[in-house]
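Assemble the complex: chain V is given as a structure, and chain H must be docked to it using the hints.
Protein chains in written order, with this note's numbering: chain V, 1 to 370; chain H, 1001 to 1370.
Careful, some of the hints might be misleading.
Unchecked claim - Taking lysine-lysine and the BS3-like style, the derived pairs with C-alpha atoms no more than 30 Å apart in a straight line are: (1) 42(V) x 1295(H); (2) 1050(H) x 1361(H); (3) 295(V) x 1361(H); (4) 1042(H) x 42(V); (5) 1295(H) x 50(V); (6) 1361(H) x 42(V); (7) 129(V) x 1295(H); (8) 1050(H) x 50(V); (9) 361(V) x 7(V); (10) 50(V) x 361(V).
Claimed, not checked - Taking beta-carbon pairs under 7 Å as the criterion, some of the chain V residues facing chain H (in silico): (11) 42; (12) 43; (13) 67; (14) 68; (15) 75; (16) 77; (17) 82; (18) 84; (19) 124; (20) 126; (21) 296; (22) 317; (23) 324; (24) 326; (25) 330.
Claimed, not checked - Just a sample of chain H residues kept apart from chain V, beta carbon distances all over 10 Å, derived: (26) 1071; (27) 1177; (28) 1331.
Note that these hints are calculated values from the structure, not bench results.
Cβ coordinates follow ideal geometry from the N, Cα and C atoms, glycine included.
Here are the chains, one letter per residue:
Protein chains: 2
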Amino acid sequence: MFNFTIKNKSKISSARTGVIETDRGRIHTPIFMPVGTLATVKSVSPEELKAAGAQIILGNTYHLYLRPGCDVIERFAGVHRFMNWDRPILTDSGGFQVFSLAKLSRISEEGYAFQSHIDGSRHLLTPEKSVEIQQCLGSDISMCLDQCLQYPAEYSETESSLELTARWAKRCKDARAESDAGGTLFGIVQGGMFNDLRRRSLESTVEIGFNGYAVGGLSVGEPKDEMLAVADFTIPRLPEHAPRYVMGVGTPEDLVELSGMGADMFDCVIPTRNARNGQLFTRRGAINICNARFKYDMEPVDAQCDCYTCRHYSGAYLRHLYMARELLAYRLNTLHNLHYYLDLMQQIRTAIDRDAFEEFKRDFYALRIT
Amino acid sequence: MFNFTIKNKSKISSARTGVIETDRGRIHTPIFMPVGTLATVKSVSPEELKAAGAQIILGNTYHLYLRPGCDVIERFAGVHRFMNWDRPILTDSGGFQVFSLAKLSRISEEGYAFQSHIDGSRHLLTPEKSVEIQQCLGSDISMCLDQCLQYPAEYSETESSLELTARWAKRCKDARAESDAGGTLFGIVQGGMFNDLRRRSLESTVEIGFNGYAVGGLSVGEPKDEMLAVADFTIPRLPEHAPRYVMGVGTPEDLVELSGMGADMFDCVIPTRNARNGQLFTRRGAINICNARFKYDMEPVDAQCDCYTCRHYSGAYLRHLYMARELLAYRLNTLHNLHYYLDLMQQIRTAIDRDAFEEFKRDFYALRIT
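One chain only, chain V, in its complex shape:
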């Protein structure tokens, strides 16, 4: 079962709220998906994820395929039971990680030949294999294997990559059709920073036909204004009645901007990774907990935040834990940042539902001092 219903559309922008229905529950959009690379959102428990408001998390196919491996996960009939998470999971195709992490990866019409970054073992990731792995992982939303390019990329290279991505998308769809797995499959629009190529990729992906569409190839090193321009061109052109997922994006500002363009789903390592580097998000901007101004700070880092961390701990304690590299630091920081991101999405949804997204956006920026 997979269904998407638009709940409310902004009258003055492309922003919209909606509900995705899956076999593992409903997802209210626009939504941020915490990244749970290795069947764990680093440092936090499933119960904490739920308390922070996570409706769906992301798992990384490349990582899980290598470790613990499908032979382990299939005994648990998927990642959910393995990691004690009963809400939906979206898995990427593995392509991006092969491209960014694997050793000696080589792309051909067939797929990616690569060596594991862990033990150097050789693997071949084809569109069919990616679909098969994601089904083994029990994914609720699988992604087509695509080719993602680094920034900057030449026009001709971008053109051939989107053509390959389209042929692979067709193979992914065919591979899924032959199986009886649950969940659904999303297509991915590539095309780099070229609007005409984005349009071509979009048209060919929509022609194949998927239950949802992602915009890939953003946040790969391009300047922010270029990212926003490509998103602004691409997102509103995606089919209206399917979820629109912007992959690997972004900052709190990005989520606000892209929601305004009609994006429904996001994932990004920023809240979790930056938490582990001592950066905390607040209504007034991001802070670094190492800063000496927190040494004696008896207040929570965000007095208005009602996350577990801010309800129980001071800036001084968080700074102390972080300076001592205590394990609890990573967890308390991660809980705070996830709460910030998930609460931001809740605020965005509420604003859109009340036809007050522009006012929300104005207030969001007005509060920020950094």
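Below, chain H without anything else, positioned relative to chain V:
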């Protein structure tokens, strides 16, 4: 307020149960105290500690004095509020850590002169200073500054160290008498591996007079049978109507043996540190979660354990997390081991209360296969 009442005494051994009353609540003995060196029991939250059954935790004076420092902690009127823990805290004197961690430490009649292992800064830890720091930390049970020796130590060296320890104990008691701090102060019996020196140290410490007595200088490298022999000589000779605390000990077997000798309190890094090294305690003995036999194991590591970890996660998942060095691994392993230790103490208390400690001990050993 500090009070100790014996609840039940074994008819055939020195084992006993009791209740320590403090301003921050009652402690049922014999008890294990998880080590919370830097105002955090590594990787776990105060709520999780309580759920695991922790009645009191230990803080390390040396560490907290250096980081975050008393100037920070006194703003919070002690460690409790700083770290969000409202149950009792016992603090050590700092002497053992100066001895084992600090650079260039030099001992004299006055105290320990040492350099911080963090930044090389110079400090002088006197008995008076140790008492003052522990009061600043808001300690419910403070410990006298003592001199601990490495194993093996010569008779004459051991003799002078226990004499110094006794003079320091007097100075600690006097320093406390001049303040109006809450909590109480325990004396420490040294004397190395020599029974006559243990007896002398015990007599001089008891002569000064404290609300509780610790046995220090064990688990410093000596063979297990020597440790048990010294404990067996010392513990039953301690004043009956005061809590008896064996410092820095030990394995599950040690806790069983020493409880049988009439010890009331223990602290040790074994359950927490070993958890972070992948060792998990079970009724059948300790296991290493790296072991390949857990790769496909869908069962919890201890099917009879009702800790959070065993209720929700399989051996295969714990192995996966640990092999990938995921942050959640340290937490789930720590929760399990703390639960094991705290539950073991609960079983010991129940057995003593039922006059069935010997049977408990027999069953405890009968189950173990490693």
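Each hint, compared with the structure:
no.	hint	result
1	42(V) x 1295(H)	holds, 21 Å
2	1050(H) x 1361(H)	holds, 26 Å
3	295(V) x 1361(H)	violated, 49 Å
4	1042(H) x 42(V)	holds, 16 Å
5	1295(H) x 50(V)	holds, 28 Å
6	1361(H) x 42(V)	violated, 40 Å
7	129(V) x 1295(H)	holds, 23 Å
8	1050(H) x 50(V)	holds, 21 Å
9	361(V) x 7(V)	holds, 20 Å
10	50(V) x 361(V)	holds, 26 Å
11	42	holds, 5 Å
12	43	holds, 4 Å
13	67	holds, 6 Å
14	68	holds, 4 Å
15	75	holds, 6 Å
16	77	violated, 10 Å
17	82	holds, 6 Å
18	84	holds, 5 Å
19	124	violated, 23 Å
20	126	violated, 25 Å
21	296	holds, 6 Å
22	317	holds, 6 Å
23	324	holds, 5 Å
24	326	holds, 5 Å
25	330	holds, 6 Å
26	1071	violated, 8 Å
27	1177	holds, 31 Å
28	1331	violated, 7 Å
Of the hints listed earlier, those the structure fails to meet are numbers 3, 6, 16, 19, 20, 26, 28, in rising order.
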